[in-house]
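Residue numbers (our numbering), protein chains in the order written: chain A, 406 to 755; chain B, 406 to 755; chain C, 406 to 755.
To be clear, the hints were calculated from the coordinates, so they are not data collected in a lab.
We put the beta carbon where it would ideally sit given N, CA and C, even for glycine.
Among the hints, a few may not be true.
Taking lysine-lysine pairs in the BS3-like style, the calculated list, with each CA pair at most 30 Å apart, reads [said to hold, decoys possible]:
1. C/K459 x B/K743
2. A/K727 x B/K474
3. B/K750 x A/K754
4. B/K724 x C/K750
Where chain C lies over chain B, by a calculated footprint (3+ residues, C-beta under 8 Å) [unchecked claim]:
5. 484-493
6. 637-650
Across the chosen pairs, the derived CB separations fall in these ranges [stated by the list, open to error]:
7. B/N693 x C/E751: 54 to 60 Å
8. A/A502 x C/P447: 35 to 41 Å
9. C/Y458 x B/G601: 52 to 58 Å
10. A/V695 x C/P447: 42 to 48 Å
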Amino acid sequence: MIPTSPKIQFTLAELTKGLDVTVQGDSALVVTGIATITQALPHQITFLMNPRYKKYLAETGAAAVILTKDDSISCPVTSIISRDPYYTYAKIAAYFATPTHAEIGIHASAVVGQNCHIHKTASIGPHCVLGNHVTIGPNVVIGANCTLGDGSSVDEETYIDAGVTVYHEVIIKKRVHISSGTVIGSDGFGIAKHAGVWHKVPQLGRVIIEDDVEIGSNCSIDRGAIEDTVIGQGVKLDNLIQVGHNVRIGKHTAIAGCVAIAGSAIIGDNCLIGGGAGIGGHLRLADNVVITGMSAITHTIQDPGIYSSGAGGVVPNHKWRKNSVRLHHLDELVQRVKSLESVLKELTKE
Amino acid sequence: MIPTSPKIQFTLAELTKGLDVTVQGDSALVVTGIATITQALPHQITFLMNPRYKKYLAETGAAAVILTKDDSISCPVTSIISRDPYYTYAKIAAYFATPTHAEIGIHASAVVGQNCHIHKTASIGPHCVLGNHVTIGPNVVIGANCTLGDGSSVDEETYIDAGVTVYHEVIIKKRVHISSGTVIGSDGFGIAKHAGVWHKVPQLGRVIIEDDVEIGSNCSIDRGAIEDTVIGQGVKLDNLIQVGHNVRIGKHTAIAGCVAIAGSAIIGDNCLIGGGAGIGGHLRLADNVVITGMSAITHTIQDPGIYSSGAGGVVPNHKWRKNSVRLHHLDELVQRVKSLESVLKELTKE
Amino acid sequence: MIPTSPKIQFTLAELTKGLDVTVQGDSALVVTGIATITQALPHQITFLMNPRYKKYLAETGAAAVILTKDDSISCPVTSIISRDPYYTYAKIAAYFATPTHAEIGIHASAVVGQNCHIHKTASIGPHCVLGNHVTIGPNVVIGANCTLGDGSSVDEETYIDAGVTVYHEVIIKKRVHISSGTVIGSDGFGIAKHAGVWHKVPQLGRVIIEDDVEIGSNCSIDRGAIEDTVIGQGVKLDNLIQVGHNVRIGKHTAIAGCVAIAGSAIIGDNCLIGGGAGIGGHLRLADNVVITGMSAITHTIQDPGIYSSGAGGVVPNHKWRKNSVRLHHLDELVQRVKSLESVLKELTKE
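With the rest of the complex left out, here is chain A (with noise of 0.2 Å):
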């Protein structure tokens, strides 16, 4: 049911071209596509980076195999070395990756607004929506059924997928990637209780998505309460994820799916969130914070290094429903072994 690509086929001094690594064999030889290690075919190209995956080298089906110098000794094919495998494999994917066919121009469908300066250059899919002045750089490719908002803008080289929401006044720099579902400059929660009754507090501040971030689907970003929403340069972000108003994440921090960012917390450069982690309002994580999956962060931390939370380790439920109940009287378990302590202390004091 799938169409017939275009026939890929490239050699490896092609797939290798401009990367710092060694091919060790024929650099003539031709590969039409990527596979795992164990399942690669005789034209296809694999890669070896996890140690565990190590003892199916000898038996590779594979052409060539992507490795480090140290592997490359074991290994049975043509050897693509790199000081970093998976950084080469990576590039090397891209050759393999299917085109996107995205039209230049606007398409007939999309409804834009007054005053947008569209590049001529860009592609707007159908259906989409944009609002009054509205700016759509060079190389822009807007995905069909998404909507910006009045002025927003979008710059060189960044690509939406279909169904993304962009509010307005949403500024998206160069080279950025948003999923499909995503939505970037909805209102944050803010909510001032008065005699019983929350009120709407307006959020005056903008979101800014910095160069080179990556943004997956269905996450949710608000806008600024009185500041901005900053997602800093290179950031990527998997799906559904919330990020709350007036947060800032340093550049280059990488965050798992399913996180929730409250209001208000500064994320340092070069983090690392795992999965499901939240991360409380008006706090604020250092540079190189890694924190592990499903952890509770509720304060700041200030050095760098990985910390978690939560009680780890799945166990047979009859096991931890024990245990449960013990932590809730664990304080109570403490003083007992003080008290134990203290008679003991007499005891050998006599």
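Put chains B and C on the given structure of chain A with help from the hints.
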């Protein structure tokens, strides 16, 4: 404000036709709707499954009750006796569901690419956008404002609700149902750090949704990195679920809302995963594993059974804070108990 | 790149008109914007609510500060004295919010079904799709690319942002605001296992959204199984929240991002639920219950108060791993302490 439905009424004989049940009472009785056991009116049908509700049976105002043979003894009205009352209810309730009025054919506002094969009995809703080489089977319904990428296919009797995004080369098989806001086939979270900067790893795999799968709203199902992401036959997913790249979910597994499944996890057949749970990357769950809600699964589970993690049970916050602090000194407490034990051992030796 | 806003300026007298505040200083002062206390410029207004920011008051560059009578004593500029500065700020900030430019009427690209009643003052955005028998009240705004199902209704002054999906027969009342990507009325997660296979249980109920509700982006609110799912008056929901079928949320309850509420839970009035919490199915929270972030609520809470679960407090990972292991032997530790106690009791008896 709701439009008057067409008059819906059925006899018990009509409703139970083909079902493995016994009507104890008048099967010519006419019912016009379904309600809960406490709220049912004299022309409505109800069911009894949860033992907690048995106390309401004697007083029910319903015309008839779907229940087990044992429960039927105390049923004051007509009994529909079933070995599986909830299943029987599911089948009978279908008669009272609001019928979908999808018009056959491609809506004039839809945008359809080149070389698509759309069956003449399919319905493509208003403002849908289909790429090139899309295949749509018999009796498929695609709701309004959906986007389907190049080379995607949707097989017979599948329903896709409004506002769903399906990326290129995604395969959706027969009798699948997908709710609004769900995104299928977005890029997996593949990133490689090189020289301090994250580089995108192209995501070359597809997503395959097998027959009879049901997917709730606002889910994110990523395409595979090299191999495919596969949702097995009969799998049921609730809302806001993240399925990472390369994940494989076995047949007839059911997953509740807000579960996060990290990349390359393999989940067995007939599993049950509670709401808010997190499944780590590159691990396996055996068949017939049950995970309780909000558990963090960080290693492979090889045997069937019920598993949990976390510190369960909600308690008043002041008590919780005291015990939580103690938890972070639990290892020291164990050391203190060890010391006590050795001192006592010495003492009692004497 | 942002379009120049129309010149916005107000005197303090204009901004405080009708509010229960006292201007201490020149109420003819003109302000042109709002900023934080540390960043405000001489023509901007700011506010002081959080005691942590009081230290910046003496140095503020603002024209005027909204604050309490007590704080006004040390205010170097014009004071706007309020018993509730945050509420006063909310009201004043509304003057500086970007006005919505929704055009009255039905956009030419919208697709509207049969027998709809759309008030002449309502705005239906581009590429919206309305089913049959849809009712839209006065001054309602439906953003671009929304879908509203058959028999749904939206009452006066309600705003629905772009890209929202509302299923059939959903009732949305007055002055409601719904952000993008939210799905209301999708089928609840009702499945019945029979002969090893899950069968769908038809979801026959509706969703009712009462007056003055606010719902964030990418939320999923399921329709009821038999009765309705009800979001009570004045409820405020943040982003990415799951509300299962039959759930009832009481008046003026506020729920932070990424909360998962399982089916048939009943939540009281005036509750506060922290981000990332999970509320189990078929349980009740009393009025005035506060749940701290990321708690797992597994049983009914009958009394007002603050409740928590989980093992709080983030710690360095190496420490956490040690304590987490101990947690899984907590029951054994309790037994060891018991033994110690009885041995000691024997010893001290002598």
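Checked hints:
For the suggested pair C/K459 and B/K743, the alpha carbons sit about 50 Å apart, so the restraint of at most 30 Å is broken. Restraint check for A/K727 and B/K474: the C-alpha separation of about 37 Å exceeds 30 Å, so the hint is violated. For the hint linking B/K750 to A/K754, the alpha-carbon distance of about 16 Å falls within 30 Å, and the restraint holds. Under the criterion of a C-alpha separation no larger than 30 Å, the hint pairing B/K724 with C/K750 is consistent with the structure, at around 29 Å.
Under the rule that three or more residues need a Cβ within less than 8 Å of chain C, the assignment of the segment 484-493 of chain B holds, with 3 such residues. With a cut-off of 8 Å between beta carbons, the segment 637-650 of chain B has 5 residues touching chain C; three or more are needed, and the interface restraint holds. In this structure the hint that B/N693 and C/E751 lie 54 to 60 Å apart at CB is violated, the actual value being about 48 Å. A C-beta distance of roughly 54 Å is found between A/A502 and C/P447, which places it outside the suggested range of 35 to 41 Å.
Look at C/Y458 against B/G601: about 35 Å separates their beta carbons, and that is not inside 52 to 58 Å. Taking 42 to 48 Å as the suggested C-beta distance range, the pair A/V695 and C/P447 conforms, at roughly 43 Å.
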